[in-house]
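J.: The primary structure of each chain is shown beneath.
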Amino acid sequence: AQRVTQPEKLLSVFKGAPVELKCNYSYSGSPELFWYVQYSRQRLQLLLRHISRESIKGFTADLNKGETSFHLKKPFAQEEDSAMYYCALSTYNQGGKLIFGQGTELSVKP
Amino acid sequence: KAGVTQTPRYLIKTRGQQVTLSCSPISGHRSVSWYQQTPGQGLQFLFEYFSETQRNKGNFPGRFSGRQFSNSRSEMNVSTLELGDSALYLCASSVGTLQETQYFGPGTRLLVL
Numbered sequence: 302a303q304r305v306t307q308p309e310k311l312l313s314v315f316k317g318a319p320v321e322l323k324c325n326y327s328y329s330g331s332p333e334l335f336w337y338v339q340y341s342r343q344r345l346q347l348l349l350r351h352i353s354r355e356s357i358k359g360f361t362a363d364l365n366k367g368e369t370s371f372h373l374k375k376p377f378a379q380e381e382d383s384a385m386y387y388c389a390l391s392t393y394n395q396g397g398k399l400i401f402g403q404g405t406e407l408s409v410k411p
Numbered sequence: 857k858a859g860v861t862q863t864p865r866y867l868i869k870t871r872g873q874q875v876t877l878s879c880s881p882i883s884g885h886r887s888v889s890w891y892q893q894t895p896g897q898g899l900q901f902l903f904e905y906f907s908e909t910q911r912n913k914g915n916f917p918g919r920f921s922g923r924q925f926s927n928s929r930s931e932m933n934v935s936t937l938e939l940g941d942s943a944l945y946l947c948a949s950s951v952g953t954l955q956e957t958q959y960f961g962p963g964t965r966l967l968v969l
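Protein sequences appear in the order of chains A and B. As numbered in my numbering, residues 302 to 411 make up the first sequence, in order. As numbered in my numbering, residues 857 to 969 make up the second sequence, in order.
No incorrect hints appear here.
The list that follows gives simulated cross-link-like pairs (lysine-lysine, DSS-like), each with its CA atoms no further than 30 Å apart:
| id | chain 1 | residue 1 | chain 2 | residue 2 |
| --- | --- | --- | --- | --- |
| 1 | A | Lys323 | B | Lys913 |
| 2 | A | Lys310 | B | Lys913 |
| 3 | A | Lys323 | A | Lys366 |
| 4 | A | Lys316 | A | Lys374 |
| 5 | A | Lys316 | A | Lys358 |
| 6 | A | Lys374 | A | Lys410 |
| 7 | A | Lys358 | A | Lys323 |
| 8 | A | Lys366 | B | Lys913 |
| 9 | A | Lys323 | A | Lys310 |
| 10 | A | Lys358 | A | Lys310 |
| 11 | A | Lys358 | B | Lys857 |
| 12 | A | Lys358 | A | Lys410 |
Interface residues of chain A toward chain B, partial, derived using beta-carbon atoms under 10 Å:
| id | residue |
| --- | --- |
| 13 | Phe335 |
| 14 | Gln339 |
| 15 | Gln346 |
| 16 | Arg350 |
| 17 | Ile352 |
| 18 | Ser353 |
| 19 | Tyr387 |
| 20 | Thr392 |
| 21 | Tyr393 |
| 22 | Asn394 |
Keep in mind the hints are simulated off the structure, nothing from the lab. C-beta atoms are modelled at their ideal positions from N, C-alpha and C, and glycine is treated no differently.
Please put together the full structure from these sequences, using the hints given.
T.: Laid out in structure tokens, this is it:
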């Protein structure tokens, strides 16, 4: 069965420090991976997806098929990055279904 | 474009009752997916509708059902409510092609007493 694992429930860093939010998945096919973010009192929104290979708000994520990982990174965290981050997987044959990890709460302290 | 809207935003029901939640997708989007979010289980997929047909289904009991109308608006229904159905119910819309980005609504918070 497909699964997404985010091992850290809470990640706390100081402003200006590097951030890495871990995401591992299990799926034998070609996945599409997403990072969604939920800021306080806002709806869940797309941060980035692997196929677009963009850097959004300074965040990047690289799909490593060998390690089945899609870690989210930012070199210098900002206080406004504090939010819940969810990694999600979509499979080709069930394209309308997202499988989410449990989420990681990022807290950036001043 | 206007975002995904969900009504109502909050609901309080008692055990045994039924409830209907509504979702209006972004204009031009033909796929609507529903998710249940709880502190214990996180975000879980309920089902997806595309062009008025259920295209994917999650592992929820038959008490959870949905439908989609010709204008792509969708409803989900939960019958014989249980305490454990208390959750935030999110809908998301997408264009409808496979593995496309989904855009989420604000959710309906359901409390079952």
